[in-house]
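Starting from the two chains in their separate frames, assemble the complex, guided by the hints.
Quick note, the sequences are listed as chains U and Y, same order. Using full-length UniProt numbering, you'd call the opening residue of the first sequence number 1 and step up by one each time. Using full-length UniProt numbering, you'd call the opening residue of the second sequence number 1 and step up by one each time.
Don't take every hint at face value.
[Claimed, not checked] Heads up, simulated DSSO-like pairs for lysine-lysine below, C-alpha to C-alpha not over 27 Å straight-line: (1) Y:Lys460 <-> Y:Lys382; (2) Y:Lys344 <-> U:Lys244; (3) Y:Lys154 <-> Y:Lys333; (4) Y:Lys333 <-> U:Lys234; (5) U:Lys227 <-> Y:Lys324; (6) Y:Lys83 <-> U:Lys234; (7) Y:Lys333 <-> U:Lys244; (8) Y:Lys136 <-> Y:Lys91; (9) U:Lys86 <-> Y:Lys344; (10) Y:Lys344 <-> Y:Lys306; (11) U:Lys234 <-> Y:Lys324; (12) Y:Lys458 <-> Y:Lys657; (13) U:Lys227 <-> Y:Lys333; (14) Y:Lys99 <-> Y:Lys83.
Please keep in mind that the hints were generated in silico from the structure rather than gathered at the bench.
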Amino acid sequence: MVSPAIALAFLPLLLTLIIRYRYYFVLFYRAVLVRIWKDCVTGLSREERAFQYVLTNSTPGDPDSILDAFDYWSSKVEFISNIGPKKGKILDRLLMEQSPLTVLELGAHCGYSTVRIARALPLGARLYSIEMDQGNAAIAEKIIRLAGFDDDTVELIVNPSDEVIPRLRSDYNLERLDFVFMDHWKKCYLPDLQLLEGYGLLGKGSMIVADNVLFPGAPKFLRYLRKCGLYEWKIHRATLEYSKGIRDGMAELIYQGIK
Amino acid sequence: PHPSYFSPGVEDFQENHKREKHYGKRRNGDRQQNKRENQRRKRSSKSVSEPETSEDGDDEEEVNNDGEVRPELLSPEELEKLKEAVDEKKKLIQSLRGKPWPMKQKLVTLRESQLFVEKYEGALGKGKGRKLYAYKVMMTKKWMKFQRDFENFKTACIPWEMKIKEIESHFGSSVASYFIFLRWMYSINMILFGLTFGLVMVPEALMGRPYGSIPRKTVPRAEEAGAMDFAVLWDFGGYAQYSVLFYGYYNNQRAIGWFKFRMPLSYFLVGVGTVAYSYMVVIRTMARNANESGIGDDNSFNFSWKMFTSWDYLIGNPETADNKFASITTSFKEAILEEQESRKDDNIHLTRFLRVLANFLVLCCLAGSGYLIYFVVRRSQKFALDGLENHSWWERNEVNMVMSLLGMFCPMLFDVISTLENYHPRVALQWQLGRIFALFLGNLYTFIIALMDAINLKRKEEKVVKYNITMWEASLYNGTGSENSTAPPITIHPADVPRGPCWETMVGQEFVRLIISDTMTTYITLLIGDFLRAVLVRFLNHCWCWDLEAGFPSYSEFDVSGNVLGLIFNQGMIWMGAFYAPCLPALNLLRLHVSMYLQCWAVMCCNVPQERVFKASGSNNFYMAMLLVILFLSTLPAIYTIVTIPPSFDCGPFSGKNRMFDVIQETLESDFPAWFSKVFSYASNPGLVLPFILLMV
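Isolated chain Y, as found in the complex (with noise of 0.2 Å):
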């Protein structure tokens, strides 16, 4: 029996029809009941159907049973019965998912009701008008539809998705969020290599003067013969190194190209371009992320909730039944955890010694490892003076391998240490990130301290070079004779011409070089670490005398802050070095978009998930944080060194300048009309620029 919402005519009609269409045999009955009804309503002319009944004559009934509906033969009231019965159906339809009714109830209704709204809705439109109404409704149709398919499609376009929600499933939202922070970091680089390839690269590439026309564009003389080594191209040097990939291959030419393309100056806004817009979005998503609050808000009743409310009964897919199970899994067991921290008491003064001894640990080892970075750097300096021949590749990569060695090694020390501190596992994550960070932090600086040092003596060997170069000169015009202005110029290959000493490039170079060596060492540390002994574990399981699976060495877990910690200096190298080495930000979406597939690979096929699962909520912002100070301390060098070290004389897009930000000051003088540099130079006095910003933030 249905409960009755409906009007009383169409009711009436409805039940009617229903009788009509099931059970067809109290016909007569009905046809007497509604034959009273339809004089009761004293209906008039010919009547075609015989759900409208009510309305219609009846004895037109069972001539026509197919349910076509006249409306120019209702009247206006009854129109109007109609219009709300059909609105009334389609609040029932949006409301159903709310009703405590079984299932099978709901169906029905829900068909019922669909019939019913498709059956009349078209119909209501007044006589003539019906057509454009039920044009009308069919295009609303249409477009909901379309809406709809819309959004599936936008959902299904975002990339790797589904690998993620797969990941999620199994490992949990910590694990998942390093991957969704993976996939962002993706997208950022993506703008920063469209900037970097298209406004810098491509230019040069197409417009700007081939390879081998000016000196700064052509192998010397005295590399050309190792200048094609897989050994010299590998250190990124030879070929690679006279190329669009880095800063010393651009010519200054003011304009070039058949639309006079700037390029310094487009090199220069890119640069600056690429961290404003850095800055931009990771505010923005930290804005955006402050707002979701972290734990969940209701509390009470959490298990029960869980329970009796998780299960999706939407999916028709087996597989992703079973990560639905997988996930549903991973979240009591995350729930659990919270529940078991939220009521552990402890002895305060023993866990708080333990606290400050671990803490003091943490700084002795941060301690050694600063010294001992410091220590190699100094000595790659002294094999520097001595010339690199004489020393082994390991010598020569001593700095990298040492800094990649420690920033692999002491987290797992901070790891252990944290032990003692007896936190709850987002707590220790948050020490664990901070303490690598404080790490990575201190070898970077350490590094950039060590570049420091080269770039000045490469700036005073530029000197030396000058001077030669003048001598050199001279010694050319001399040498051809004594005859005056109508001599030919001479022409010498630009491979032949001596060359001052690049340090943009040198930098750009060595940065590159750090890149690719740390993102070696994570792909092996991968491959061994997790791969090699998720095998071992595998398949020498069954002829080894204890459980390999159980005991040591058993899988791995996937160890989310160091590669998130990993990921977030990654990027602060890139912005570091990206002004000097436009590769970089194309270097590093290649970097990511293998890091991608092959984690994603790795972590499903060799990690088991950790055994205290926890809610990533509030790392996000966490993330972010560190994120934004990393890009601060990133780009303190790189404008330091672009504010006071002069561009060297003989390469690069500001080569000849005083200083390399001397680019904007040209161009206002030169691109623009005369009023515009005044305003610019009255509107960047400080009495206006304070104020002004004051008001903005």
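Chain U extracted, bound-state conformation (with noise of 0.2 Å):
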């Protein structure tokens, strides 16, 4: 009916749409459509896939070959959201000069973040990381003992976060955490922070990091900043995790207390 004159109007359209949104386009491939191929193919799931990449390609005991690993599978092979080599200098830089004893990392994932931020930890401090996903903990737990670190310096819990946090400070004794990683589901961002302030947790100066916020964003998370006035904040702008040119950021808050 509709005369194809006027369908080929619209290409210019179409061509504008897919060369400003290649990367999204690109990402839509990597994460999805090659995961599903490769689910469908080898049976394994992907944190399985990556897991056995790492473990035959990384120096047992040395964290910096298995980030380096990693690296390389999530840019090459496939697509993971780890936090990738550029916010994860970012992340290194924050925790150099904030030097926290006390950190709790929220989503663990394959292990990633949790081997990055343990690496860059200073002599005595101890990191727990939360996961809730029994398979992914299973990977991270092994991931965080190849890369040599021990009890002392990380534990992994396995439950999920807003079951754990109102318990921190009964179990696990924790008074005041000095450094929050948080890296989960987006829409946990905002309940657990708040379970975090009602807890008791954040002392003046403890930093929080969130990254993802914004892509794929953490709209309600950023709006609370905004609003209450608690935090000191501030979006460190990079590009998403192996990818060039799609932007995300990482918001660093510090806590100010109330006035």
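Given below as structure tokens:
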């Protein structure tokens, strides 16, 4: 019914959309299509595939080589959403500045960020890593031990974060968290932050770093930050992990305490 | 302590006056001092007030303390001194703003000086002339106040000024320059509308023959049934076609009405006049803009100047203060961008290659769009030959749709391609404008070529119709029988007379339809692409998995280049079609008025400022230059048709003539005295005209 000429007139629009959002298309291809294909072919989950690769291509006891192996696999073979090299550098720098003794990590996933944080910790510091999914937690545990971090430095807790945080003070004897790293489900950022505030686990000067606040984005979290005034916050702008064109950011919050 | 610029006498009595008024305690001492002074000056007769105590006797000080001065009691030198003092005070008031004093000091000095001037100025006129002098002074003050108020009033009268200032404070000068351009266009169209409405449409409507009196003014019998349908009216057929809106309605009677208004002459001259006026206005504005140099002159301490001198201390309104704040922030962003751009250094070869590649891609796109339009136009000609009723609405309006769609989508593609080129945003904007210009020009000229084909078709038809009409008339007279001259004239209803084709009205209709469809496309794109998008982003954000405001689709940015070009080409189409459809300037005026309000609202409501905000300074003359080119290119086809194609025999003010400009010849011969035409024929000798033109240029 509609003539071919009018259909052809839409061609520039199509080209524009493809070119402007090319990175998103590439991301979709790598993160969704390739993953489904490989799932069907190999029968292992994505994290298990990553673990296999890291096991065979890195040096045990050397966190740097493990991280490099992860980076290589994520950028060349398949996409997995670790924090990535660029944002990882920002995280390292923040850790060096802050030198926290008690660190909480929400969402270990494969253990990449756990290893990254543990690598930058000062002596005597302890990292508590919370992971909800059993399979992921198992892999994360293996990776962390492969990197050479023992139970003194890193403790992996396998429970959802909203169940663990209320029990941190009672079960784990934590008084104050110096550094919190959030990288779990984006819609849980705000509830978990409010839980941490509510249970008094944050002191003045505690730093909270939240990943992926721009893509996929945590709008309620950011809105809360702007409104409540309890934090000095800024967003470190970078690109999404292993992707060049998609803009993303990490939010860095410093708790000021109630005035 | 006040610095003393006053003359000694003035200082003394000034100080005394102050002390009297404010402290009042050391009167005795002052009086002593003044007594001494008075004795020094040997004042005589009675004195009234205390401040003039250096002039007056001080024994009257306590008597009259209210500051009245009797100038007749002053000696000339004292008058002179007083005048000097008043002048000094006035100078001080004028130069007060530039003094490096704290604000409080300035305010106190200002108040004192103003009081002083007020008090003694009126008293300076000598004796009897005092009243006149005081009156003169008062009138001068009133006149100055009136002038100031009038200036304020004039600024308040500029239409949409506050709207544009608000937009400028939030979005920067480049977006505001679009709206200023729109406003300027509106004023031009106002004049064009005045000309066409007042000198063409109104005379014909009021003084010409009414609707239904002659064939060309009546809807033909065949079309009468559907003449009032909305669909037909929307397409500008039916009653809309047979009205003052289009060329075909006008009668070719040489003079109409009781004061012999020369309609055809007026029609022709208004057509020429609109073009001439437009040229004049555009060139004059270009000349005026050429004086303003582009970038600001002082390049040193740019940021310090901006930081310390941007604020306006006269703002008293919170909203204005917010706007000023936003405007200063935006201007900082602009300055930072300029600074960044001036420091970039890059790999020349790669950049050049990418730029060449980008231009090649753009050329491919332009060629593709040109071919598509050509193809569509050919198809529509085929449809016309088949008869338009057989095809759906889509197929009938294919040309318009394809042109609008291409005009909307290709600029986006150019924008995306231009990210390869890595230019400064102002330069990139100019390239973008140039490319869209080429696109629109190609589309427009293809459209015109299509129209020329249709005109030729109609002219061929004309010959056939002429023949048919002669046959029909002959049959009519034959049918009344073989009676000779005493037969009464046959009255045929005008609607039944067979009509000749009217290519001018068709051209006018095509332009009007094009402009309407263009306008509709713009508004619908605005509503859907900007408003609906903003509504979706705003209200779906809290229940969507990713942040709609930061990622896709987010709020749209205002597209300066696309809108400017749309405006310029719209105006070009008006210039092209105004001769054949006098309603076009009126239509455009309405369109611009609505656009102004709609776009101002849409910008403030749905758009976000661009991330890289840049100054629009050099762009204004660029827009004007493009407008001039479009003016030239759009009047070219109209002039060509006027000069080469004979007017239709059956419609319009020039029917029956060989060429449209014959009306000038006719006027010269019949309306002016004989000697005038002789003079004119001598003057139009090329040998005389050429040196004259060269001299003027």
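Hint-by-hint comparison with the structure:
1. Y:Lys460 <-> Y:Lys382: holds, 17 Å
2. Y:Lys344 <-> U:Lys244: With a Cα-Cα distance of about 21 Å, the restraint between Lys344 of chain Y and Lys244 of chain U holds, given a limit of 27 Å.
3. Y:Lys154 <-> Y:Lys333: violated, 32 Å
4. Y:Lys333 <-> U:Lys234: Holds, at about 19 Å.
5. U:Lys227 <-> Y:Lys324: holds, 24 Å
6. Y:Lys83 <-> U:Lys234: violated, 65 Å
7. Y:Lys333 <-> U:Lys244: Status holds; Cα separation ~26 Å.
8. Y:Lys136 <-> Y:Lys91: Cα-Cα ~19 Å, so holds.
9. U:Lys86 <-> Y:Lys344: OK: Lys86 of chain U and Lys344 of chain Y at ~24 Å, within 27 Å.
10. Y:Lys344 <-> Y:Lys306: holds, 23 Å
11. U:Lys234 <-> Y:Lys324: Roughly 26 Å between the alpha carbons, so the hint for Lys234 of chain U and Lys324 of chain Y holds.
12. Y:Lys458 <-> Y:Lys657: Distance ~18 Å between Lys458 of chain Y and Lys657 of chain Y Cα, so the pair holds.
13. U:Lys227 <-> Y:Lys333: Roughly 25 Å between the alpha carbons, so the hint for Lys227 of chain U and Lys333 of chain Y holds.
14. Y:Lys99 <-> Y:Lys83: Judged against 27 Å, a Cα distance of about 24 Å means the pair holds.
This entry does not satisfy hints 3, 6, going by the numbered hints stated previously.
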